[in-house]
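Student: Chains as they are written, first to last, in this note's numbering: chain A, 66 to 410; chain B, 761 to 1054; chain C, 13 to 267.
Be aware that a few hints might be false.
Keeping only pairs whose Cα atoms sit at most 20 Å apart, straight-line, the calculated EDC-like set for lysine to aspartate or glutamate is [to be verified]:
(1) K265(A) with E153(C)
(2) K68(C) with E277(A)
(3) K102(C) with E153(C)
Quick caveat, the hints were computed from the structure, so don't treat them as lab data.
Owing to the predicted nature of the structure, the values given are computational and were not obtained by experimental measurement.
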Amino acid sequence: MATSTQAPRQAVTPTSRRDQARRALPWLLGLVALLGALGLQSQLYSGQERTVTTIFMFVAMAEAWNLIGGFAGYASFGQVVFFGLGGYFTAVAMSQWHLTFWVSLVLSGIVGALFATVIGIPLLRLRGHYFAIATLGVAEGMREVVINLPGLTGGGAGITVPTVGRDATTPYLGNDGFYLLFLALAALSVLIAGLVSRSKFGYGLRAIHQDEDAAAAMGINTTRLKVLTFALSGFIVGLVGSSYAFQQVTIFPERLFDVDITVLMVIMVVIGGSGTVLGPLLGAVVLQFVSEFLRQHFINLHIFILGAIIIVAVLLLPQGAVNYLREARRTGEYSLLANVRRYRL
Amino acid sequence: MTSFLQATAYGLLQGGLLALVAVGFSLVWGVMNVINVAQGAFVVLGAYVGWEMHEWIGLDPFLGMFVSAAALFVLGYAVQRFLINLVVNGPIFITLLLTFGLDLLLVQGMNIVFSADYRGIRTSYASNSLTLGSIRVPVGRLLAFALAVAVTLLLVAFVNRTRTGISIMATGMDRGAARLMGIRARHVYALTYAIAAALAGMAGAMIGTVGTFNPSAAGGFTLMSFVVAVLGGLGNMYGALVGGLVIGLVEAWSGQYLPGTWVYALAFLVLIVVLVVRPTGLVGRAYYTGRQDV
Amino acid sequence: MSAPILQTQDLGRRFGGLRAVADVSFAVPEGQVLGIIGPNGAGKSTLINLITGHVKPSGGRVLIDGRDMTGAPPWAVAQAGVARTFQIVKPFRGMSVRENVAIGILYRRHGVNVMSHALRAADEVLEEVGIADLGDRPPGELPVADARRLELAKALALRPRLLLLDEVMAGLRHSEIEPSLQLIRTLRERGITIIVVEHVMKAIVAVSDRILVLHQGQVLTSGAPREVLTDRRVIEAYLGQRYAQRRGETPDAPG
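Just chain A, with the same shape it has in the complex (with noise of 0.2 Å):
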């Protein structure tokens, strides 16, 4: 198997003060985040406030997907089904059986969670590439299984969740709530991706990307792990699809099992760093951004100058860009054009 793109860590043995200052950092630097964030919404205009509402919405999934794909290392490639599964019932839930917004948010996480536990025996059998082509075809099957079921989701035509008049059972949050509803849930993620890094939990997750076997061997329930792990991915992931069909009101099984939405979610993370809880945050915010600028600004061009970004970042920094400076830092070799001999034939 090629190198591993995570680089070695240190052993971290916190006995003294400046160490355990040390470990606080983190979620002190994500407290202060958080508190800007909360801090940002009331300077932004409404366009501006959508933007960051989506990506918060990409930051709560690239995490997600950092936990099988990064820790784990089980590059799922259908991830947007559980955003597709929680969206749609959630407008299911809403229109048809007059549940409230946030018990069918709740449910729909736990919809996703049972989801990835059903396909996840069978399929994290699977090594590798196989992996990725399985759960990319369970994504792409659901879409069309949501699309031929017109009775339950209006196929084709799409759902709409009922927002105004007497079926309305919550009433619409307005960019203001959606901006606080997808900043809890990025934090959320954030938060997940943080507790599980550290623990024992997360340290089993590496230990069964970087070598299954010698895993198992040291009494590792890989089978047990992996489940656990996808189920968790699927419920966050199941509670954004949940948020977004409530914001866009009207949903549609192209948009909510788009690939692409899966892709977007890997480049992210890849690109700020897979493994770590750092990278995937910057990987999203960062490529969110960029898109967005290049959206406004060359209308035509934006997508094939964001395809040539996305060549030129894989090509330049293909561990990402947080394991590739905490490698800097340890090796003090920081020069880009060394970094691409590193997977290079």
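Got chain A; can you put chains B and C on it based on the hints?
Tutor: Same frame as chain A, now just chains B and C:
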């Protein structure tokens, strides 16, 4: 009964073309562990080259396809040699992202240069039909099918009988050993990708004659390549042929007998079941499960 | 009398038409050091994999402490107190040496739950095998002998009652073999049952109570080391019939 035979005939004809589209994809994945997300884009690009040749110099598309093949061969070689080779040692989703970026670039580039209008390459004879018993077989489709199968079989022969072909297979099985024997892996990789691109382009030109195309069709071709390649077994070219025919038939039959667009859901279900039950594909052994990469 | 710590009954595994291991039955009482030898391809590593659950048997049974663990997954076997080393070492390359060992401390039966405690305990294990000063290094940097010690440390982190060592001496220099043997003796004094799969004859003779000989997947013979090594069938298996005919006496131990 006639409609069943008609659907079968169409399915086979379409399947042959699908096989040609997918065989290069399968080869690249099997030999180099590269998933070429831009495969569909190469197909559509080949179609546009064929279209341009037809527009400018009136070149018959069944000759123009050779121009497509040549152009895409050069493009493919450059892409592999100077881009993909830089990351090919990394985890698989790195190359995946790279080819994804490439796909974005190519599809949007084509949108800009050619616009999103649907086009088709119309020749006078292509729409004529032969009648075999009770089935109608359009000449264009028949020609495309025959050529696609012929080229695929030629590829199999190339890979098994020629020195270059064998070195491609050897590099795929054990890159370290191949290099020790003097095989220049960078060049072999570039050659492999170039062949895959060339075949995709050729298929594209032929597809241009039997239907319409535009840049957004690229994604569908890539997806079909995935399914066919997995069904047939990665790197197994006979498998790609079989897989293509199977998918062509599945498409045709379910279009005939199933309501709506269940056909795609079915295709994905088949894909997942095959992966879980028999990841080496329907046909034969996987050549590349014991990889040693140096 | 308590059950042997490990017992196999007619254990076998086929790969297609090839019978890698067939009808292997033996028992290891607690505290014994059992050596397993056999020419290349005899099925030694497959046998280990069958016991540890990395390969599922085609037939037969594996009993650990009298409990049927046939086909149990590797983590269940590890938690039952059985640890192994891999012939080609498999460290976790993205973690430090210390963290590698800490994984075993976290995930063994009655394992620790806090990483910092595990890291401290890991240092003790590193001390035992003699690489205490390499705790912060990445495993990729280690020379062969130290990499083997890390592999052993990872196994010891599980506090095993049964230890399976798969060719731990291969590729070591003369000067490195004796310390390794000493380590095995020390572990044995602590009461750990050890199965040593080995090619290096002088090592296995020096340390085993009993030797089991595998040939073409089956048990050829077993018994005290000197007995086994002068057994004509064993000599034939390793060196061929004509050699065995020409030399009636113990061959010079190679290496």
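Student: Hint by hint, note whether the structure agrees.
Tutor: Each hint tested on the structure:
no. : hint                 : result
1   : K265(A) with E153(C) : violated (25 Å)
2   : K68(C) with E277(A)  : holds (16 Å)
3   : K102(C) with E153(C) : holds (13 Å)
Hint violations for this structure: number 1 only, all remaining hints satisfied.
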